[in-house]
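Asks: Residue numbers are given in this note's numbering: position 29 of the sequence shown equals residue 35, and the series is strictly consecutive.
I should point out that these hints are in silico values taken from the structure, not numbers from a laboratory.
Be careful, since some hints might not be right.
What the hints assert, rightly or not - In silico DMTMM-like cross-links for lysine to aspartate or glutamate, where the CA-CA straight-line distance does not exceed 25 angstroms:
(1) Lys101 <-> Glu154
(2) Lys20 <-> Glu33
(3) Lys38 <-> Glu161
(4) Lys109 <-> Glu154
(5) Lys109 <-> Asp94
(6) Lys109 <-> Glu155
(7) Lys185 <-> Glu154
(8) Lys20 <-> Asp90
(9) Lys101 <-> Glu33
(10) Lys102 <-> Asp90
(11) Lys185 <-> Glu113
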Amino acid sequence: MQDAGTVQVTVSGKNVQVTPALRSHAERKVNKLLKFFDDDRRPMMASVVLSIERGRHTAEITFEIGTLLVRGEGTSDDMYASIDMAVDRIERQVKKFKTRIQKRLQERPKGAVADGAVPPAAEAEETEGETPRVVRVKRFALKPMTVEEAVLQMELLGHDFFVFTNGASGEVNVLYRRKDGNYGLIEPEY
7 MQDAGTVQVT
17 VSGKNVQVTP
27 ALRSHAERKV
37 NKLLKFFDDD
47 RRPMMASVVL
57 SIERGRHTAE
67 ITFEIGTLLV
77 RGEGTSDDMY
87 ASIDMAVDRI
97 ERQVKKFKTR
107 IQKRLQERPK
117 GAVADGAVPP
127 AAEAEETEGE
137 TPRVVRVKRF
147 ALKPMTVEEA
157 VLQMELLGHD
167 FFVFTNGASG
177 EVNVLYRRKD
187 GNYGLIEPEY
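Build the full structure now, drawing on both the sequences and the hints.
Replies: In structure tokens, the structure reads:
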């Protein structure tokens with residue numbers, strides 16, 4: 007069981023041995039992110055992956071609080087500096103996120119998430135000789151969450167859409183940002 011006020015940190019290495027000093031530095035730096043979540047009692051976890059490739063030291067940190075994910079990466083000639091850079095990037099994202107959420111909550115009209123709203127079908131422009139192709143496939147685990155949590159996660163990631171499992175219905179939903187700045191929610195019928 008995790009103590010309130012701490013982050014469960016997992017540190018691993020690729021092509022690098024994780025020394026006790028590196029592990030301690032990573033844990034100490036990640037735990038400094040708690041200042042942004044001092045009133046939050048949700049479980050907090052962080053995965054720190056340290057790697058060395060072609061002489062470049064990289065630290066990739068994934069910080070998870072409840073259903074929200076924040077990622078930061080730092081690369082330099084020194085692993086300690088790379089860890090610091092990754093944590094600094096996460097800190098900037100969290101500050102920006104909190105500011106955006108506070109601003110949206112102040113400006114958002116009631117009912118900003120449209121019920122059952124589906125965007126009009128976009129007309130596809132066909133370029134002669136060019137066939138659009140899938141250039142990236144992304145697989146991820148869907149976590150049950152509320153629509154409000156999905157909005158927060160989408161904002162945090164800076165995406166225009168977000169796929170999630172609706173905790174109330176257990177169904178897969180798609181949340182998207184509308185041109186008017188509000189949100190739409192797609193609830194597929196099977």
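Asks: Determine which of the earlier numbered hints do not hold for this structure and return their numbers in increasing order.
Replies: none
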